[in-house]
Amino acid sequence: MPMAADDIAGMIQAAIPDAQIEIKDLAGDGNHYAAKVVSESFRGMSRVKQHQTVYAALGGRMGGVLHALQLTTALPN
Amino acid sequence: MSEDVQSRIATLVGDNDVVLFMKGTPLFPQCGFSSRAIAILEHLGVAYETVDVLQDQEIRQGIKEFSDWPTIPQLYVKGEFVGGSDIMMEMYEAGELAQLLTDQNVARPA
Numbered sequence: 005m006p007m008a009a010d011d012i013a014g015m016i017q018a019a020i021p022d023a024q025i026e027i028k029d030l031a032g033d034g035n036h037y038a039a040k041v042v043s044e045s046f047r048g049m050s051r052v053k054q055h056q057t058v059y060a061a062l063g064g065r066m067g068g069v070l071h072a073l074q075l076t077t078a079l080p081n
Numbered sequence: 008m009s010e011d012v013q014s015r016i017a018t019l020v021g022d023n024d025v026v027l028f029m030k031g032t033p034l035f036p037q038c039g040f041s042s043r044a045i046a047i048l049e050h051l052g053v054a055y056e057t058v059d060v061l062q063d064q065e066i067r068q069g070i071k072e073f074s075d076w077p078t079i080p081q082l083y084v085k086g087e088f089v090g091g092s093d094i095m096m097e098m099y100e101a102g103e104l105a106q107l108l109t110d111q112n113v114a115r116p117a
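Quick note, the sequences are listed as chains S and Z, same order. If you're matching positions, the first sequence starts at 5 in my numbering and goes up one per residue. If you're matching positions, the second sequence starts at 8 in my numbering and goes up one per residue.
The reader is advised that the hints may include incorrect statements.
[As the list claims (entries may be wrong)] Restraint ranges, calculated between C-beta atoms of paired labels, are given here: (1) Gly52/Z to Glu26/S: 31 to 37 Å; (2) Glu65/Z to Asp33/S: 16 to 22 Å; (3) Ala114/Z to Ala8/S: 44 to 50 Å; (4) Gly64/S to Gly21/Z: 23 to 29 Å; (5) Gly21/Z to Asp29/S: 39 to 45 Å; (6) Pro21/S to Val113/Z: 38 to 44 Å; (7) Arg115/Z to Gly63/S: 35 to 41 Å; (8) Gln106/Z to Glu26/S: 36 to 42 Å; (9) Glu72/Z to Glu26/S: 28 to 34 Å; (10) Gln68/Z to Pro21/S: 29 to 35 Å.
[Stated by the list, open to error] Calculated cross-link-like contacts (lysine-lysine; reagent style BS3-like; alpha-carbon spacing at most 27 Å): (11) Lys71/Z to Lys53/S; (12) Lys28/S to Lys40/S; (13) Lys53/S to Lys28/S; (14) Lys71/Z to Lys28/S; (15) Lys71/Z to Lys85/Z; (16) Lys28/S to Lys85/Z; (17) Lys53/S to Lys40/S; (18) Lys71/Z to Lys40/S.
Derived from the structure by calculation, the hints contain no laboratory data. Cβ atoms here follow ideal geometry from the backbone N, Cα and C, with glycine treated the same way.
Produce the complete structure using the sequences and hints provided.
Next up, the structure:
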């Protein structure tokens, strides 16, 4: 059961309220997305921690129903 | 994850300076993210080991628990989890991956 871009964005927003989120559908199959998440809350976190925070927001769907999410995280400039 | 899988993973991670848990092999990567990770390691010219998780379902699931990271590939340098394909790319482009290898005294024969 693939995921919709809005669902992905919604979950991340719920868990990281100040996040600015861009989602790109890479393949049109609901399974391959690229996401950029910018949030002040990432400050001081390692890249691994930042990505783990986003994965946690997706509640274990990462690697399951959501096969491929090319993720970039960043701090606001 | 069983004790046995945990210790097998710890050995794989501990015994190799650079090890990539991937889908497939360097010559025949079975997933875009894995082949991108291999390309990065090739560009860095570092010697590395790979583990084809498609050949071992226990390792495939166990490694995700081991690092608390939900996807494959996973890169380990000197026993430390570095990241998946995205983080490898971000670090590589920022020169941080080369720096990490230097900092960790990992030989780069190229």
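| request: Note whether the CB distance of arginine 115/Z and glycine 63/S lies within 35 to 41 Å or breaks it. | output: 40 Å, holds
| query | Could one say that the CB atoms of alanine 114/Z and alanine 8/S fall in the range 44 to 50 Å? | reply | Taking Cβ atoms as reference, alanine 114/Z and alanine 8/S lie about 47 Å apart, which means the hint holds.
| said: Given the hinted pair lysine 71/Z and lysine 40/S, is their Cα-Cα distance within 27 Å? | reply: Satisfied, since the Cα-Cα distance of roughly 23 Å is no more than 27 Å.
| task | Mind checking the alpha carbons of lysine 28/S and lysine 85/Z for me, to see if they're no more than 27 Å apart? | result | Between lysine 28/S and lysine 85/Z the Cα gap is close to 35 Å, so the pair fails against 27 Å, i.e. violated.
| query | Within 27 Å, alpha carbon to alpha carbon, are lysine 71/Z and lysine 85/Z? | reply | Given that 27 Å is the threshold and the Cα spacing comes to 18 Å, the pair holds.
| When you check the alpha-carbon spacing of lysine 71/Z and lysine 53/S, does it fall within 27 Å? | 15 Å, holds
| field | Pair hint outcome, lysine 28/S versus lysine 40/S [Cα-Cα no greater than 27 Å] | value | The hint holds at about 9 Å.
| field | CB-CB spacing for proline 21/S and glutamine 68/Z relative to the 29 to 35 Å hint | value | 32 Å, holds
| message | Tell me if the straight-line CA distance from lysine 71/Z to lysine 28/S falls inside 27 Å. | response | Measuring from Cα to Cα gives roughly 26 Å; hence the hint holds.
| message | Looking only at beta-carbon atoms, does the pair glutamate 65/Z, aspartate 33/S fall within the given range of 16 to 22 Å? | response | 29 Å, violated
| query | Quick one, are lysine 53/S and lysine 28/S close enough, alpha carbons at most 27 Å? | reply | Answer holds: lysine 53/S to lysine 28/S is near 22 Å, not above 27 Å.
| query | Falls inside 39 to 45 Å, the C-beta gap from glycine 21/Z to aspartate 29/S? | reply | 40 Å, holds
Hint check: violations occur at hints 2, 8 and 16; the rest are consistent with the structure.
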